[in-house]
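S.K.: Next come the chains, spelled out residue by residue.
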Amino acid sequence: MTELISEITEIVRDVFGDDEIVLTESTTAADVDGWDSLMHLNLVIAFEGEFGVKFTTSEISTMKEEGQNIGTLAALIASKKG
Amino acid sequence: MTVKSKATSVPDQAELNADVADIRQSLSPYLSYSDATAIVRRLKKLRKAGFKSGVRTKLSILSNTTSSQLASLIDAYLFAYNIDVEIEEAPYGLLRQQVLDPSSELYSAAPDFVFLASSYRDLLKTPLAGDDKETVDAALEETVSEWESFWTLLHDRLGCQIIQNNFDTPPWRAYGNLEPRFAGALGNYISRVNQALCERAPAWVSVYDLDGLAANVGRWNWSDQRFFNLAKMPCGPEYMPRYAHGIAAQIAARLGRSHKCLVLDLDNTLWGGVVGDDGLAGINIGQGDAEGEAFVAFQSYAKSLAERGIILAVCSKNEDANAREPFEKRSEMVLKLDDISSFVANWEDKAGNLRRIAKELNIGLDSLVFVDDNPAERALVRQLAPEVAVPEMPVDPADYVRVLAEHCYFEPVSINSEDFKRTEYYRANAKRDQLASSAGDIDGFLKSLDMRAWVGPIGELEQERSVQLIGKSNQFNLTTIRHAAGDVDSMRADPNWFTCVIKLADRFGDNGLITVLLAKEDGDALDIDTWLMSCRVLKRGVENLMLNSVAEEAQKRGLKRVTGTYIPTAKNVLVKDHYASLGFEQVNEAENGTTHWSLSVDSDWAPLIHHIIKENT
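Chains as they are written, first to last, in the numbering used here: chain V, 1 to 82; chain Z, 83 to 699.
If we strip away everything but chain Z, and leave its shape as in the complex, we get (with noise of 0.2 Å):
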């Protein structure tokens, strides 16, 4: 029996580019061997039917081991970067042979990348036990020298820029842990050997640590000896498509490419809570509590980031006040105002702020990496801002340092005195003054939300999360009445109430119950007496989907308005224009700023619009 590969189909070009689009935001350094391969499947499709973009360049790979599934891993995390390189594999095991001749395949392919892609098995000299130091020290510098004098042959014939593999230290130590102590041991020497060879290497020479690679993946899962057994595979396999993505990230980095501003969510991004809600002694960050400490551990790796000169922003929804208010008042936080080159706290959408933003700056779109613990957030930027990185957080805010430090978004090529200032320049450069953000598709991407909600008046199984929310929600609450368990259960049985909740459901999970209304019969009118809801799902669409569900309710009553109250708080300015801009008219306004509204329901009223599927009846 013969199986038959089917044949490929062409796709049309709309298919294509969501297709480009979902490769790239799929070339995570996390994916699985087999998943990598996937992609290099899809790419090559993609190619044949006719896909070519992004900036054009050459790289030769020379290798002791097997390159081809490197190769085509380099291929697909470049194409992440926008780069279409086009890659010449030395054949295998000819890494000295191809650069010493000058007639060899390496030259008359004329690279501008030359990747020597060597691992510990490549070292020339190696101590034998017993050694003398004088012995070790002139292996050590014979094997220096030829590494040397290769970049140098290299950069003479080709005028190349060359990534140079350090070697990987195997996990076996013969001499245990009295290993460091000897010259002559193999873990001391190759130590020795890494130094040498970062010390000597010239700017146009980047040294890949491909043995700080193999120590963070685990050294005997690193070097699985069967696949290079089998197959001369220089890693295992399934941290093949780490060690690619690190590759990339070296050759994007010197064709520009590195990211260079780092975009910061505040709430539960950069302490835990809700600024806007918890109030500033509600946040969790500092010390005293287990994830107040990991908040603390990811600033300081931000602080650090940008003190060698990669620039830190801010992109929140929040008031303005409220959101700097931790960095003016908190000791604990570790990024101070002074920290931030480009502060966005605003109520619109964060794939225009991140526009924004980067204008400010003066920065291309595609240099922001955005940090989001927000699935949700996340999407709508991957969406509508696709040059922009947004990594894919973990729910554990202990596990955030890692995630970003993976990622190698912000790999340099080298480092002066200026990156050291650029900090300083670019917020003394940034401007505040409101740019017409252009938005992009907001309705495209809350129909792909894939929202469903039930809607319904408060029961037993709604009663103890409304009350919860009655007695907490500042931001998106336009009375503040704090109403106790005891008046909601009297609301419930009067029928001149009416009571109704949403519970919000979308592709990225269930948020629960997320808004709640409280409303009273008042002459030939239906009185909201409470209206909150969670920030978290501001501009979603709840907001219409709740007012047609009162508004309805009043037609069903017979009432011919529906009426509404604004008191204003010290944290509700949110909602100041909320009911304007459900179609109310304004009725009055009182000394204090609390403001009456009305919306006349009759035949002429029309149910507003929104993306949300409601899903009972």
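Just chain V, with the same shape it has in the complex (with noise of 0.2 Å):
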């Protein structure tokens, strides 16, 4: 799960082009400056491309709500990832 957080970080430090950003399973949307509707979407890309996944309509939506961070996103990642 680390190694998955690592990757994690490393796409969003790519996609809001900023090498400082730090990401821990407990880190939310909300945490991170900027990460609005749009940076949102950008990420989504990014993810789909980077781990060869596909999230559906309603996992892209919830991915940034109240009670989801990235330790949820990186489980829901392993879980497509098989």
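These aren't lab readings, by the way, just hints derived from the structure by calculation.
None of these values were measured; they are calculated from a predicted model.
Treat each hint with caution, since some may be false.
[What the hints assert, rightly or not] Keeping only pairs whose Cα atoms sit at most 35 Å apart, straight-line, the calculated DSBU-like set for lysine-lysine is:
1) Z:Lys-602 x V:Lys-64
2) Z:Lys-529 x Z:Lys-642
3) V:Lys-64 x Z:Lys-314
4) V:Lys-80 x Z:Lys-314
5) V:Lys-64 x Z:Lys-130
6) Z:Lys-130 x V:Lys-81
[Unchecked claim] Anything over 10 Å on all C-beta distances counts as not near chain Z; from chain V, calculated:
7) Leu-4
8) Ile-5
9) Asp-14
10) Gly-17
11) Ile-45
12) Gly-49
13) Glu-50
14) Val-53
15) Phe-55
16) Ser-61
17) Glu-65
18) Ala-74
19) Ala-78
[What the hints assert, rightly or not] Taking CB as the label site, the calculated pair distances span:
20) Z:Ser-114 x V:Asp-31: 25 to 31 Å
21) V:Lys-54 x Z:Ser-382: 36 to 42 Å
22) Z:Tyr-174 x V:Ala-30: 21 to 27 Å
Each residue gets a CB set at the ideal place from its N, CA and C atoms; glycine is no exception.
Take the two lone chains, each set in its own frame, and fit them into one complex as the hints suggest.
M.R.: As structure tokens, then:
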């Protein structure tokens, strides 16, 4: 899981163009400056491309809601990668 | 916890220029959405640092889907054409209102271009199942007339040019394979609307083939419904760069920035193999061989471009006579010498030769597209003639047509009878006078290649490849003596002989063993019996590295001179002055043209300069 979170961190840094972003399991979308709905889609597209997974419409929209964090995202990606 | 964005530092001028060149060259239509948006961010930074350049123009985008991502990507692709565009995006979903209301933001923005970014969802009327032909025809008329009236309104009020999407047929087909038979079927209807749009578009409207793009990338891929439903994106995000690139090419074409001339390398670009080494019969072109057929298809595509007015030129490292021979004597060649308006085959660097071609044809360097299979040649041209468009070519010639076509370099605005005559015109005007080639910084280029070499005697590992090269090299071969494997074995065992080979790698990959030298002690001299090299690495400094190692060997053996011989053949005129260029003095010349050369290697002799790092010692 730690490995997956560091991969996710790399992608988020790439998409935001900011090498200093630090993510942990408990980081939420609201904790990261500029994680708005457009950035969210950019991230989703990057995750799909990098991990070779496909999210459902509802997964995409709930991902940044209350109660979701980088830990739940990592678990979702892990379950899709099989 | 809050994560802060880091402060952006201001780059200096040199960094800025390098960044500009790098961004321009990175903007291929094949970028993934993430990579393309990363470039958009870099471009933003550049502009923040105060960078401005290029032709200024203003574009308004009207769309009933989200256009913000598309807008910044169009901006980026126009930047690659050196066009600085100011984009106004009309509020989402107000396409019709913006056009109709004379007080809308659109009209106060006063753009040079209006892009009507429509999709099939914007069709005014769509037929119902069971509609008869007359009802469908009436719906079609109403739909097309609406867009026609928009064009007129926009043109009257703004005097602008217009890019209009045609309609992308959805992938689902309610009527299945009967779709094209029923006037009321959506697919059938859309194809008729698209046809009518093209027929009725006036000269100042470009109809962009969105439907063609959707078909090319796959209609299900194109219409990724998740992103439409979530964010009203006009297409699957991975295809957004292709879409933006296509629109940018249309705008560039209308600003006169389309490319005019396709410059082709020969060996492994127009045919398989190296004509100078493999001979006229040995090159691969024509039916009966899978790769030979791919080269035919590529030539046919180039020919079809030429037939509609694109100029063709050749830029090849070859003897001129060798380079022309396949055009004259191989019937499988689709391209003939008559199709080529400027033909440059020599051993000079290609950046200089491209400048010469542009000058001969009297067109700008930035109108050239250069196609070459060799990554090192492409890199040299990108570095020393950055104005020239140089597509990254695939390894497989079967994909050449696709890659060249998908770059949309030759987007025409209109085609008339003049275009069909143009090739003739350029050919007549091409002057063959030698031009001083401004080479640019070759040393800088060679350094940037990051070349690393293994230099050593022929061992077990080197034996087979060395014998093969001795058997087949023709062009860079000083004596063309074909030693057999057994001969090479005995030389390796005989201390009077010195054998040396070089394996070369650079930042594009490993070139393998590319040069062989065989020399024998003869009195006070080390006499070079054989020196050959693959032309692929010509003018990279490998010759100098090899001379240094044979001269050092002579010194080690206490000899005073290195001597060499040039025996002319039909194919090796390339190396006629080889020894002279390395500082040898001519000793004599025989009647048959054979020359003998000598180089003194006393303590005054200094090693020749090159930019190759020797990896073994």
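S.K.: Checking a non-interface call: every C-beta of chain Z should be farther than 10 Å from the C-beta of Glu-65 (chain V). Is that right?
M.R.: Label holds. Min Cβ-Cβ 14 Å, cutoff 10 Å.
S.K.: Hinted pair, alpha-carbon criterion (35 Å max): Lys-602 (chain Z), Lys-64 (chain V). Please report holds or violated.
M.R.: violated, 76 Å
S.K.: Far enough from chain Z: is every CB of that chain over 10 Å from the CB of Asp-14 (chain V)?
M.R.: violated, 7 Å
S.K.: Are all C-beta atoms of chain Z more than 10 Å from that of Ala-78 (chain V)?
M.R.: Label holds. Min Cβ-Cβ 21 Å, cutoff 10 Å.
S.K.: Per the stated criterion, does the least C-beta distance between Val-53 (chain V) and chain Z lie above 10 Å, as a non-interface residue requires?
M.R.: Correct as stated: the minimum Cβ-Cβ distance to chain Z is 13 Å, above 10 Å.
S.K.: Over 10 Å to the closest beta carbon of chain Z is the bar; see if Ser-61 (chain V) clears it.
M.R.: With a cut-off of 10 Å, Ser-61 (chain V) comes too close to chain Z, as the shortest Cβ separation is near 6 Å.
S.K.: Please verify that the nearest CB of chain Z lies beyond 10 Å from Leu-4 (chain V)'s CB.
M.R.: Check passes; 18 Å lies beyond 10 Å.
S.K.: Compare the distance between the alpha carbons of Lys-80 (chain V) and Lys-314 (chain Z) with 35 Å, and conclude whether the hinted pair is satisfied.
M.R.: Between Lys-80 (chain V) and Lys-314 (chain Z) the Cα gap is close to 26 Å, so the pair holds against 35 Å.
S.K.: Quick one, are Lys-64 (chain V) and Lys-130 (chain Z) close enough, alpha carbons at most 35 Å?
M.R.: Holds, at about 30 Å.
S.K.: Just want to verify: Ile-5 (chain V) was marked as not at the interface with chain Z; is every Cβ pair farther apart than 10 Å?
M.R.: Nearest chain Z Cβ is 14 Å from Ile-5 (chain V), so the label holds.
S.K.: Take the C-alpha atoms of Lys-64 (chain V) and Lys-314 (chain Z), compute the straight-line distance between them, and say whether it is at most 35 Å.
M.R.: holds, 19 Å
S.K.: Just checking, Glu-50 (chain V) versus chain Z, shortest CB gap more than 10 Å?
M.R.: Non-interface label on Glu-50 (chain V) violated, nearest chain Z Cβ at 8 Å vs cutoff 10 Å.
Figure legend: structure checked against the earlier numbered hints; hints not met, in rising order: 1, 6, 9, 10, 11, 12, 13, 15, 16.
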